[in-house]
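Line order of the protein sequences matches chains A and F.
If you read the first sequence in the numbering used here, its first letter stands for residue 1, the second for the next number, and so on.
If you read the second sequence in the numbering used here, its first letter stands for residue 99, the second for the next number, and so on.
I should point out that these hints are in silico values taken from the structure, not numbers from a laboratory.
Honestly, I wouldn't trust all of these hints.
Derived DEER-like restraints, expressed as beta-carbon distance ranges [stated by the list, open to error]:
(1) A/Ser-93 <-> F/Val-222: 39 to 49 Å
(2) F/Asn-220 <-> A/Lys-90: 34 to 44 Å
(3) A/Lys-31 <-> F/Lys-218: 38 to 48 Å
(4) A/Asp-26 <-> F/Pro-189: 16 to 26 Å
(5) F/Val-222 <-> A/Glu-92: 33 to 43 Å
(6) A/Glu-30 <-> F/Asp-168: 43 to 53 Å
(7) A/Arg-4 <-> F/Asp-168: 40 to 50 Å
(8) A/Glu-92 <-> F/Asp-211: 34 to 44 Å
Positions of the beta carbon are idealized from the N, C-alpha and C atoms, including for glycine.
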Amino acid sequence: MDIREENAGSKLIAHIEGEIDLEKTDDLREKISIIIDNNSSIELNLTKVTYIDSSGVAVLIESNQKAQELEKELTLNLSEAVLSVLKMAKLESFFKMA
Amino acid sequence: MLSKIFKAEKSDLNYIRTFIKDFLIEKKIKEDLQYQIILAVGEAIMNIVQHAYKGGNASKKIKVDLSLIDEILILDFFDEGIKADPSKIKPRKLEEIRPGGLGTHFIKMVMDDILWGETKDNWVNHLILKKKI
Numbered sequence: 001m002d003i004r005e006e007n008a009g010s011k012l013i014a015h016i017e018g019e020i021d022l023e024k025t026d027d028l029r030e031k032i033s034i035i036i037d038n039n040s041s042i043e044l045n046l047t048k049v050t051y052i053d054s055s056g057v058a059v060l061i062e063s064n065q066k067a068q069e070l071e072k073e074l075t076l077n078l079s080e081a082v083l084s085v086l087k088m089a090k091l092e093s094f095f096k097m098a
Numbered sequence: 099m100l101s102k103i104f105k106a107e108k109s110d111l112n113y114i115r116t117f118i119k120d121f122l123i124e125k126k127i128k129e130d131l132q133y134q135i136i137l138a139v140g141e142a143i144m145n146i147v148q149h150a151y152k153g154g155n156a157s158k159k160i161k162v163d164l165s166l167i168d169e170i171l172i173l174d175f176f177d178e179g180i181k182a183d184p185s186k187i188k189p190r191k192l193e194e195i196r197p198g199g200l201g202t203h204f205i206k207m208v209m210d211d212i213l214w215g216e217t218k219d220n221w222v223n224h225l226i227l228k229k230k231i
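Chain F extracted, bound-state conformation (with noise of 0.2 Å):
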């Protein structure tokens, strides 16, 4: 497993994407599904950095667990900020063309599992993204 802690804001945002990315290509995962992956776990910490910690805090962490184990690509992602509703995240319908609301979408269309774990340590949040390899 591959673990690193970032400051939870915008500016990281690429990092944590890069940190990923690296995992994917060493995995030999395929360009295009390296990019679905990307694509949704960038929604992921967008959502952590805007929703749980508003728009971000620099003091504030998040942690990022990788692995693939049996051909199960595995994203843990904790935070320390406002806890989820996991029953109000919901994506919008596409047929209502407005800004705001993909973020959800495109992680359910691109992961195969999208968990709540328990959580340890100081940690608030525990997300779960799952994909078959």
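Just chain A, with the same shape it has in the complex (with noise of 0.2 Å):
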């Protein structure tokens, strides 16, 4: 899994790829706490994540919780593997997307 940071105005794209699973989630989760710390407005790019589990969803919640407490704008960009997983946990409403 790859996360790289493009700067588009006055907004902070975060662009990851790959699978998110367990192995990865810890990093994911304090490279995303980071961006949200840094930035007003944030992208997280998923359209090229090819799998996420129940504890990447648990990382976006969980990302999607502090942006809201800090009053930052966080909004997602979704592959159809991320998009189904959502949808099963009837999650899609919840996220702002992109």
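Grab the two chains, each in its own frame, and use the hints to assemble them into the complex.
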């Protein structure tokens, strides 16, 4: 799993690729948390994520909750793989989509 | 039947999923169903690493048996970790939006049967997942 940051005007886009599973989530949680701390508008581009499990979904929920608490804007751009998992968890409307 | 033993640690989760995905591809299972089964299996093996092995133990093993009999996919998982209590393994309510508790929901949503089988040799837990293909 790779994360690449792109400054797009006032927004920071974090491009996340590969598979998100329990092995990767500690690192992902920490990196997204730092990104939220340092930016007011963040897009998580997950369009190249090919697999996400419940530990990855938990990171997205935590990140969304943190952004709301800090009054930051967090949006998601999803791959079909991620969207299908969020739909299974009935979470697709919990997140703001890019 | 196809069988393989893996290390009981996070870094082997991907290898287990790949092992099962290759089996599903060989059996010509449709791609969308493959993804759902891999998701359910991923949750099951993650639970084994997280709970039976308290986050992982490279000196311990997970054995995976795969078979497709009369259009029923059967996945057997054996571990030598802490004895599971099936009565305590329950999905959380989906309306309670919080991190955690979704894995069991995914497994129940995808698989037709979730069973605990007899153990043999030195294995402590034997989880069986079945899916009509």
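Consistency of the hints with the structure:
1. A/Ser-93 <-> F/Val-222: 39 to 49 Å: 41 Å, holds
2. F/Asn-220 <-> A/Lys-90: 34 to 44 Å: Between F/Asn-220 and A/Lys-90, where Cβ atoms are some 41 Å apart, the hint holds.
3. A/Lys-31 <-> F/Lys-218: 38 to 48 Å: 43 Å, holds
4. A/Asp-26 <-> F/Pro-189: 16 to 26 Å: 24 Å, holds
5. F/Val-222 <-> A/Glu-92: 33 to 43 Å: 38 Å, holds
6. A/Glu-30 <-> F/Asp-168: 43 to 53 Å: This hint holds: roughly 47 Å between Cβ atoms.
7. A/Arg-4 <-> F/Asp-168: 40 to 50 Å: Because 47 Å falls inside the window, the suggested range holds.
8. A/Glu-92 <-> F/Asp-211: 34 to 44 Å: 28 Å, violated
Consistency with the previously given hints fails for number 8 only.
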